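*Asks:* The chain contents come next:
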Amino acid sequence: MKDWEPRIVGFLCNWCTYGAADLAGISRMQYPPNVKAIRIPCTGRMSPKFILAAFMKGADGVWVSGCHPGDCHYLEGNYYARRKFALFKNLIEYMGIEPGRLHFSWISSAESTKFASTVKEVTSAVKALGPRKHGIKKAFTVNS
Amino acid sequence: MSDYTAKIKEISARLLKEEKVEMVIGFRKGTVPMMNEPCFVKTPEDVKELVWDSNCGINLANYLTDRKEKIGIIAKGCDSRNIVTHIIENKVKREQLLIIGVPCKGMIDKNKITSMFENEINEVLEDEENIIVKGKVFEKTLNKNDVLQENCKICIHRNPVISDELAADLLDEQKDIDRYEDVRKIEAMATEDKWKYFEDLLSPCIRCYACRNACPLCYCPTCFVDESRPQWVGKSLDPTDTRTFHFLRAYHCAGRCTDCGACERACPMGIKVRMFTKKLEKDCLELYGWEAGLSLDERPPLDTYRPNDPEDFIK
Numbered sequence: 001m002k003d004w005e006p007r008i009v010g011f012l013c014n015w016c017t018y019g020a021a022d023l024a025g026i027s028r029m030q031y032p033p034n035v036k037a038i039r040i041p042c043t044g045r046m047s048p049k050f051i052l053a054a055f056m057k058g059a060d061g062v063w064v065s066g067c068h069p070g071d072c073h074y075l076e077g078n079y080y081a082r083r084k085f086a087l088f089k090n091l092i093e094y095m096g097i098e099p100g101r102l103h104f105s106w107i108s109s110a111e112s113t114k115f116a117s118t119v120k121e122v123t124s125a126v127k128a129l130g131p132r133k134h135g136i137k138k139a140f141t142v143n144s
Numbered sequence: 001m002s003d004y005t006a007k008i009k010e011i012s013a014r015l016l017k018e019e020k021v022e023m024v025i026g027f028r029k030g031t032v033p034m035m036n037e038p039c040f041v042k043t044p045e046d047v048k049e050l051v052w053d054s055n056c057g058i059n060l061a062n063y064l065t066d067r068k069e070k071i072g073i074i075a076k077g078c079d080s081r082n083i084v085t086h087i088i089e090n091k092v093k094r095e096q097l098l099i100i101g102v103p104c105k106g107m108i109d110k111n112k113i114t115s116m117f118e119n120e121i122n123e124v125l126e127d128e129e130n131i132i133v134k135g136k137v138f139e140k141t142l143n144k145n146d147v148l149q150e151n152c153k154i155c156i157h158r159n160p161v162i163s164d165e166l167a168a169d170l171l172d173e174q175k176d177i178d179r180y181e182d183v184r185k186i187e188a189m190a191t192e193d194k195w196k197y198f199e200d201l202l203s204p205c206i207r208c209y210a211c212r213n214a215c216p217l218c219y220c221p222t223c224f225v226d227e228s229r230p231q232w233v234g235k236s237l238d239p240t241d242t243r244t245f246h247f248l249r250a251y252h253c254a255g256r257c258t259d260c261g262a263c264e265r266a267c268p269m270g271i272k273v274r275m276f277t278k279k280l281e282k283d284c285l286e287l288y289g290w291e292a293g294l295s296l297d298e299r300p301p302l303d304t305y306r307p308n309d310p311e312d313f314i315k
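Sequences listed follow chains Z and U, in order.
Under the working numbering, the letters of the first sequence match residues 1 to 144, in that order.
Under the working numbering, the letters of the second sequence match residues 1 to 315, in that order.
Just chain Z, with the same shape it has in the complex:
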């Protein structure tokens, strides 16, 4: 278990955080490789099903990141998303998922430093919690 590395699914908005990830790469910033990025058109496109599916299929953590409020490419997608996320996070924690497993952030396409530091922060938070104990569907359990 000493070498255990968390697997984190990152849902990144095409218009900002995904760009920030690009910029961080171009700038050769160092950050942990644990986040598997999935590009979404907007945080407003996030469905609760995505997060639940990630958890059900064995993700140790989930991270959703989009544009700062007011900067949405579609003007207000992230405002709606913010309300959905608030209720979602509260409910999933109420049902027994550790608070440190689900993260949200606003990162603009220029904030590559914030991107790198958030990846570090999310990874260490999930790492501290260790592997998931329950809630992974049997078919997706890996014996490694």
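Keep in mind that the hints were calculated from the coordinates and are not lab data.
Hints are supplied without guarantee of correctness; some may be wrong.
As the list claims (entries may be wrong) - Coverage of chain Z stretches by chain U, computed from C-beta distances (three or more under 8 Å per stretch; other residues unrestricted):
| id | stretch |
| --- | --- |
| 1 | 50–63 |
| 2 | 67–79 |
| 3 | 88–96 |
| 4 | 99–107 |
| 5 | 130–139 |
All values reported here derive from a predicted model rather than from experimental measurement.
Ideal Cβ placement from N, Cα and C applies to all residues, glycine included.
Chain Z is fixed; fit chain U onto it per the hints.
*Replies:* For chain U alone, kept in the frame of chain Z given last:
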């Protein structure tokens, strides 16, 4: 309760006779005790079937979805709030409806009563304060307040919020009710205990989807549990699938649930499924000051936003 029934019959007969509505949706006596069933009355002669007592817990708003005709509908407090939600969500038009409001004194919990007796119950009668349960060899009088549905005990909207006719005088609303005591108790638990609590809560679930079908909010053309490409929720009895189903069912009701208790009432296994929806209800109230179904002019919380919504959980 007989005066309620008489008044409901009178109003329904009048509306049908004057052809103001094509049908009235109400309750008639069921074939087993404590199970009134919904009925659609289409002629003035048939209004004699209608009844009102403490077994009318089914939410009639469920029968309004996508209807096009003129409808008279019997509505207690929670039904009326769900009718408002239906109108807001364009599932029915206000002009189509003649709402016969019934100030509600609470519905009784048939599971609770059944579990009190070993023998079969043949008849259940009631007066203002008491429920009289009769079997082949026994007869017992219960205090109605002791056997109310959990959601009725903590109800703070007993009077209909919109109505065109009233079947009785408005009641005083219950005051100083702590609606979220049980939710707070779970919130205070450690993460591991929360997980265990819901594991135990959901372990009897047989995935019959009765909670979904009884709910007036559940009207998606294809429910997420029936989607197969991609399949978000497995159909097995794997506890993870069951938990995901209950999570999403509740989450779909976020900001819309009126705590009518239809889901819990419908559950054949007696699972307290309201424990999920109540948490969302509490959060909507605390974060956005929202109670569902009280006004036709306000948008539901997930259909609107404020620039300064709470976001301390976001980095």
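*Asks:* Run every hint past the structure and note whether it holds.
*Replies:* Against the structure, the hints:
1. 50–63: holds (count 3)
2. 67–79: Since three or more residues must qualify, the claim that chain U covers the stretch 67–79 of chain Z holds, with 4 doing so at under 8 Å.
3. 88–96: holds (count 9)
4. 99–107: holds (count 5)
5. 130–139: holds (count 5)
Of the hints listed earlier, there is not a single one the structure fails to meet.
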